[in-house]
Amino acid sequence: MAKIDADPLKKAASDAAPRITIGRVLGEWRQLGIVAALLVTVLVFTLIDRDFFSGYNFVNIILQASITAILAIAETFVIITAGIDLSIGSALALSATVSGLLLLGGFSFPIVILGSLAAGAASGLLNGLIITVTRITPFVVTLGTMSIFSGLALIISGGQTVYGVPPGFSDLLAGAIWHIPTPIVIALLVLVASALVMKTTKLGEYMIAIGGAREVARLAGINVAVFTAAAYVISSMLAAVGGMVTVARLGAADPTLGQDLLLPAVAAAVMGGADLQGGEGSMLGAVIGALLIATLQAGLTFLNVQSFYQQVAIGVVIILALLFNRLQKGRA
Amino acid sequence: MANRDAAPFLTLKGVSKSFPGVKALQDVSIELYPGEIHALMGENGAGKSTLLKIMFGAYVADHGSLELEGKHAILGSPAHALAQGISMVHQEVSLVPQLSAIQNIVLGREQSVAGIIDWKAARTEALAALRRLDFPASPYVPVGRLSVAQQQLVELARALAVDAKVIILDEPTASLSSRESDRLFEILRDLRGAGHALVYVSHRLAEVFDLADRATVLRDGQLVGTVLRGPDLTEKTLIRMMVGRGLDDFANLPTRQPGEVILEVKDLTRQGAFQDVSFDVRRGEIVGMAGMVGAGRTEVARCIVSADKADAGTVRAKGSDLPLRSPSDSVKAGIAFLTEDRKHQGLALHMSLAINATLARTPSRFGFINRRRQRQDARESLARVSARMPVTRLAGQLSGGNQQKVVLAKWLLTDSEIFIFDEPTRGIDVGAKAEIYALMRELADKGAGILMISSEMPELLRMSDRILVMREGRLVGEMGRSEASEERVVSYSSGGEKTWQK
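So the sequences go chain by chain: A and B.
The opening residue of the first sequence carries number 1 in the numbering used here; numbering runs sequentially from there.
The opening residue of the second sequence carries number 1 in the numbering used here; numbering runs sequentially from there.
Derived by calculation from the structure, the hints in this document are not laboratory data.
Take the hints with a grain of salt, since some may be wrong.
[Stated by the list, open to error] SDA-like, lysine to any residue: derived pairs with alpha carbons at most 25 Å apart: (1) A/199 x B/220; (2) A/202 x B/113; (3) B/309 x A/202; (4) B/343 x A/316; (5) A/202 x B/433; (6) B/165 x A/326; (7) B/433 x B/379; (8) A/202 x B/115.
Keep in mind the model is a prediction, meaning the values are calculated, not measured.
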């Protein structure tokens with residue numbers, strides 16, 4: 001078809017929305033709710049105790065949130081395709097253990113990083129293959145692989161925490177770059193890269209299409225299996241990134257890591273705007289969700305609230321945030 | 001007007017397609033010329049959808065050939081058909097609701113470098129197509145937020161963007177307002193002028209007279225004929241072609257004397273589905289409800305049993321108003337609803353017949369199920385519908401006819417006296433059909449009132465004491481057995497001339 005100059009419509013449309021997609025506008029709109037929740041939380045803690053409002057405290061909170069943020073982004077990729085990855089915490093444990101063992105074996109850092117990422121990629125590929133070939137629902141498949149991956153982590157480590165991580169590795173991934181803690185930098189890089197994938201690449205576009213209307217995507221000639229599996233590979237590779245950062249921070253690789261990471265990751269993703277029905281999700285929203293959870297944990301600890309009560313409080317806030325999203329969506 | 005000198009763009013020759021137990025299409029041939037609007041007509045189940053799907057590559061024909069611009073071709077998939085210039089606007093909108101118009105138009109065909117989409121090219125291409133249609137909404141918002149009419153324009157724009165030579169429209173006006181339809185017709189005429197071949201499927205005769213250059217009629221999977229625009233393209237011709245010969249063999253059944261009113265529906269309305277539907281059903285009577293797919297018949301039934309909420313109106317069963325709150329109220333009031341979709345809404349396929357037959361009334365004491373009585377009840381009830389088989393069998397193992405009997409047995413156990421059958425014999429073979437008919441008649445003779453929604457003309461004419469006809473959410477006609485004819489039902493349900501109405 002001839003490229004007709006489409007100026008009038010383009011002009012009219014650019015008044016309505018800035019660029020590319022409303023996906024971004026809608027994302028920002030959706031993030032409003034969670035940003036508000038975050039600000040209110042900070043405000044409440046500050047009102048209760050002035051000392052809460054300090055730069056030191058905030059850097060700590062962001063540092064605490066960085067792993068959850070990476071996992072929440074990973075989970076968002078999968079949820080956008082109308083799936084879910086319950087194995088993400090176990091995949092983190094497995095690739096963390098792999099990196100710990102490689103470090104202990106004296107391999108160079110690039111090899112360690114590649115090895116850990118490869119373990120993550122393999123985990124994700126297994127999820128993706130089972131889901132696309134057998135067409136068993138992702139919930140059940142990743143429930144199964146959750147057990148498989150944590151079992152494997154225990155097997156290769158002999159059930160023991162792997163100690164003796166060289167200080168250099170901790171400096172590399174858990175040090176600081178221009179005074180910013182490296183985990184925060186890594187989480188930021190993951191965020192930017194993921195947002196770009198969603199906005200600018202076929203991969204991102206097709207994951208939305210598959211999650212939003214699988215049959216439409218198939219009829220448009222999109223290879224649904226490949227792009228669905230890709231989401232799980234990305235998810236587990238990001239889990240591997242989170243795993244290595246954890247190892248660097250702790251100076252050890254614990255094969256039982258990651259059990260507690262699944263809930264905050266899914267909660268942050270969904271609070272950030274990921275629709276469990278598929279087709280929608282925001283990387284920035286997921287990160288803000290992770291920040292909200294970390295802020296709650298830090299604030300309640302700061303106020304000396306017992307951890308048992310913390311769990312209840314966090315659960316309540318997650319449900320409230322989701323309720324807010326639901327109402328917001330109903331209105332839109 | 002079709003250009004007679006031009007060669008046909010798409011030719012189907014002697015196409016047949018069978019599904020297990022059904023010959024969906026037999027030896028159908030059709031030609032599509034550039035610059036024509038070709039209406040495809042036929043009753044429900046005449047084979048229109050199958051034919052469309054073959055044109056669009058979703059089905060491959062068992063026999064026959066397909067030619068594109070005179071050359072033999074095989075369309076293996078919709079994506080392949082699209083690449084060959086054949087595009088389809090589906091009856092149900094098929095877009096990704098979360099993506100914008102622009103994203104949907106280029107979906108699957110994005111120009112990209114190293115996986116990164118060239119959005120500038122995408123915008124240029126999509127906006128050009130949208131501009132040809134005077135697209136009235138923002139091309140940047142997710143299409144899920146647009147109206148159905150606007151979404152349809154996006155689908156059309158997608159067809160234009162791939163420069164489709166054939167555009168298939170499957171009942172495009174089914175969910176449009178009349179103003180939106182008029183606008184669509186203008187666009188379709190423009191496209192015809194631009195040399196596209198348009199296949200237009202619609203149940204509305206008025207639209208066909210308005211738009212079509214030619215009309216091809218299918219009946220029972222066979223080609224009845226193609227009529228050119230002109231003196232031959234009249235309502236009478238089309239209806240006769242769609243309906244076929246008369247069905248006198250059913251006419252001489254005795255007329256019964258119906259009893260008191262057992263179900264009374266008054267001004268029932270559900271926004272967006274149907275408005276102001278009023279009718280009654282008497283004891284001993286089978287009332288047929290005719291209409292095209294989408295006319296709102298099933299929706300009315302679902303509101304009567306409170307499966308959906310009615311916005312206005314009342315339903316009286318055996319003289320008392322129903323609260324219209326939840327299906328359990330209507331079960332208590334003795335209304336049985338035998339759904340069209342037995343496999344999902346009528347039966348638990350992986351459970352035994354004993355459980356299925358007693359599902360609406362499980363014999364129990366203090367919450368514990370009396371298994372022995374359950375089996376006994378099931379056996380007795382199944383015997384009443386002459387389905388003699390072990391009650392331990394799973395419902396999923398039965399044929400369609402026997403499944404329908406089990407559903408009926410379930411409702412018999414609840415002592416229901418009002419029965420609503422939605423397509424009672426869909427997917428049931430001929431022998432079992434007769435048995436189901438006999439059971440229905442027997443129920444009515446014993447004093448039950450029956451509402452039978454059906455799209456099968458012989459079934460309606462043979463079984464009904466009265467026939468109600470719905471069109472576009474309204475009750476548009478009613479006729480007694482003696483005045484009922486296939487022509488009259490079809491003309492009511494497709495919105496024929498005033499003179500056809502009584």
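Hint check results:
Distance hint between residue 199 of chain A and residue 220 of chain B is unfulfilled; the C-alpha atoms sit about 49 Å from each other, more than 25 Å. Restraint check for residue 202 of chain A and residue 113 of chain B: the C-alpha separation of about 10 Å stays at or below 25 Å, so the hint holds. Straight-line distance between C-alpha atoms of residue 309 of chain B and residue 202 of chain A comes to about 42 Å, which puts the hinted pair past the 25 Å bound. Taking the CA atoms of residue 343 of chain B and residue 316 of chain A, the gap is near 40 Å; set against the 25 Å cutoff, the hint is violated.
Among the hinted pairs, residue 202 of chain A with residue 433 of chain B is inconsistent with the structure: their alpha-carbon atoms are about 52 Å apart, more than 25 Å. For a cut-off of 25 Å, the pair hint linking residue 165 of chain B to residue 326 of chain A is broken: about 43 Å separates their Cα positions. A hinted pair counts as satisfied when its Cα atoms are at most 25 Å apart, and residue 433 of chain B with residue 379 of chain B qualifies at roughly 22 Å. Of the pairs offered as hints, the one joining residue 202 of chain A and residue 115 of chain B holds, with about 6 Å between alpha carbons and a cut-off of 25 Å not exceeded.
Violated hints, listed in ascending order, are 1, 3, 4, 5, 6; each of the other numbered hints is respected by the structure.
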